[in-house]
Amino acid sequence: MELKIDFIKDNNIVIAKVEGILDAHYAPQFEKKLSDYVKQINNNLIIDLSGVSHIASAGFGALMPIKNIQDSKGKKIVLSGLNDNVKKIFNLLGFSNVIKEYKNIEEAKSSL
Amino acid sequence: MIKIKLNIEPNIESLEKTRESVNNAIIQLVGDQPWLYELNLAIEEVIVNIIDHGSKAVTINVTLERKNNELVVEIIDTSIPFDITKKEVPDLQKHYREYKNRGLGVFLIKNIADNLKYRYENGKNILTIIKRIEAKC
Numbered sequence: 001m002e003l004k005i006d007f008i009k010d011n012n013i014v015i016a017k018v019e020g021i022l023d024a025h026y027a028p029q030f031e032k033k034l035s036d037y038v039k040q041i042n043n044n045l046i047i048d049l050s051g052v053s054h055i056a057s058a059g060f061g062a063l064m065p066i067k068n069i070q071d072s073k074g075k076k077i078v079l080s081g082l083n084d085n086v087k088k089i090f091n092l093l094g095f096s097n098v099i100k101e102y103k104n105i106e107e108a109k110s111s112l
Numbered sequence: 113m114i115k116i117k118l119n120i121e122p123n124i125e126s127l128e129k130t131r132e133s134v135n136n137a138i139i140q141l142v143g144d145q146p147w148l149y150e151l152n153l154a155i156e157e158v159i160v161n162i163i164d165h166g167s168k169a170v171t172i173n174v175t176l177e178r179k180n181n182e183l184v185v186e187i188i189d190t191s192i193p194f195d196i197t198k199k200e201v202p203d204l205q206k207h208y209r210e211y212k213n214r215g216l217g218v219f220l221i222k223n224i225a226d227n228l229k230y231r232y233e234n235g236k237n238i239l240t241i242i243k244r245i246e247a248k249c
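From first to last, the protein sequence lines are chains A and B.
If you read the first sequence in the working numbering, its first letter stands for residue 1, the second for the next number, and so on.
If you read the second sequence in the working numbering, its first letter stands for residue 113, the second for the next number, and so on.
Calculated from the structure, these hints are not laboratory results.
Where a beta carbon is used, it is the ideal one built from N, C-alpha and C, also for glycine.
Just so you know, not all the hints are guaranteed correct.
Here are the simulated PhoX-like pairs of lysine-lysine, each with C-alpha atoms no more than 20 Å apart in a straight line [stated by the list, open to error]:
1. A:K76 to A:K33
2. B:K179 to A:K76
3. A:K67 to B:K212
4. A:K33 to A:K87
5. A:K87 to A:K73
6. B:K206 to A:K67
7. A:K88 to B:K117
8. B:K222 to A:K73
9. A:K87 to B:K222
10. B:K212 to A:K100
11. B:K212 to A:K39
The following label-pair restraints were derived from C-beta to C-beta distances [unchecked claim]:
12. B:K206 to A:S53: 29 to 39 Å
13. A:G74 to B:N136: 22 to 32 Å
14. A:N85 to B:I245: 36 to 46 Å
15. B:G143 to A:D6: 48 to 58 Å
16. A:I8 to B:K198: 25 to 35 Å
17. A:D84 to B:E128: 32 to 42 Å
18. A:N11 to B:I245: 46 to 56 Å
19. A:I41 to B:R209: 22 to 32 Å
Some chain B residues judged to face chain A by a derived CB distance under 10 Å, without partners named [said to hold, decoys possible]:
20. E128
21. L141
22. F194
23. I196
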């Protein structure tokens with residue numbers, strides 16, 4: 001399985017559509033690709049995870065440097081499309097206090 | 113009592129295959145439990161810890177066995193002695209405020225296991241994760 005990230009600009013928002021799995025193998029690539037891109041922009045960001053079937057601690061951890069970049073620019077970062085299993089881990093880690101998550105891209109867009 | 117033993121390839125490139133083997137073994141022993149995904153993740157986190165801290169020559173085995181109303185998982189490795197039960201669980205909210213991204217795996221392992229035990233025997237780390245089996249409705 002390959003990790004794929006498509007970046008879509010939608011007015012003032014950037015949507016990063018991720019496909020694959022975010023475990024200890026793929027999380028470093030995910031973090032690098034996303035942070036390299038996010039450093040270049042000055043937009044609110046939606047990371048759409050509807051194409052991600054599994055996220056381990058390394059995947060959640062990889063979101064922290066991205067949030068750091070966004071916070072330092074005063075821009076928002078939100079997630080969308082978490083499957084039920086991923087959401088269980090998201091809740092267990094208390095991640096809702098860090099990054100908000102929405103059911104889908106549309107809901108995430110209206111929050112920004 | 114059936115006991116399933118899995119030989120785990122000690123590299124992160126094989127995690128997908130490991131998850132599949134562990135998933136199949138759990139289903140075979142106790143069926144589709146509500147905590148199936150979480151337990152598989154906790155086992156994956158332990159394996160990643162072993163790979164991160166051990167040498168390339170390390171061997172990792174996972175044995176799974178149903179004992180009455182519990183599923184007993186033993187993760188056995190030949191890496192340097194390491195007792196994860198003694199590892200402090202970080203204050204995650206403080207961690208997040210400081211943008212730290214380490215320690216989440218230990219938090220997950222400790223929170224997902226109903227009981228976690230460690231022993232070092234004959235040059236091997238043996239970590240036991242116990243999960244209570246939910247009664248079928």
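Hint check:
{"no.": "1", "hint": "A:K76 to A:K33", "result": "holds (18 Å)"}
{"no.": "2", "hint": "B:K179 to A:K76", "result": "violated (49 Å)"}
{"no.": "3", "hint": "A:K67 to B:K212", "result": "holds (11 Å)"}
{"no.": "4", "hint": "A:K33 to A:K87", "result": "violated (23 Å)"}
{"no.": "5", "hint": "A:K87 to A:K73", "result": "violated (27 Å)"}
{"no.": "6", "hint": "B:K206 to A:K67", "result": "holds (15 Å)"}
{"no.": "7", "hint": "A:K88 to B:K117", "result": "violated (28 Å)"}
{"no.": "8", "hint": "B:K222 to A:K73", "result": "violated (35 Å)"}
{"no.": "9", "hint": "A:K87 to B:K222", "result": "holds (18 Å)"}
{"no.": "10", "hint": "B:K212 to A:K100", "result": "holds (18 Å)"}
{"no.": "11", "hint": "B:K212 to A:K39", "result": "holds (19 Å)"}
{"no.": "12", "hint": "B:K206 to A:S53: 29 to 39 Å", "result": "holds (30 Å)"}
{"no.": "13", "hint": "A:G74 to B:N136: 22 to 32 Å", "result": "violated (48 Å)"}
{"no.": "14", "hint": "A:N85 to B:I245: 36 to 46 Å", "result": "violated (19 Å)"}
{"no.": "15", "hint": "B:G143 to A:D6: 48 to 58 Å", "result": "violated (38 Å)"}
{"no.": "16", "hint": "A:I8 to B:K198: 25 to 35 Å", "result": "violated (46 Å)"}
{"no.": "17", "hint": "A:D84 to B:E128: 32 to 42 Å", "result": "violated (20 Å)"}
{"no.": "18", "hint": "A:N11 to B:I245: 46 to 56 Å", "result": "holds (51 Å)"}
{"no.": "19", "hint": "A:I41 to B:R209: 22 to 32 Å", "result": "holds (24 Å)"}
{"no.": "20", "hint": "E128", "result": "holds (7 Å)"}
{"no.": "21", "hint": "L141", "result": "violated (20 Å)"}
{"no.": "22", "hint": "F194", "result": "violated (17 Å)"}
{"no.": "23", "hint": "I196", "result": "violated (13 Å)"}
When each numbered hint is compared with the structure, violations occur for hints 2, 4, 5, 7, 8, 13, 14, 15, 16, 17, 21, 22 and 23.
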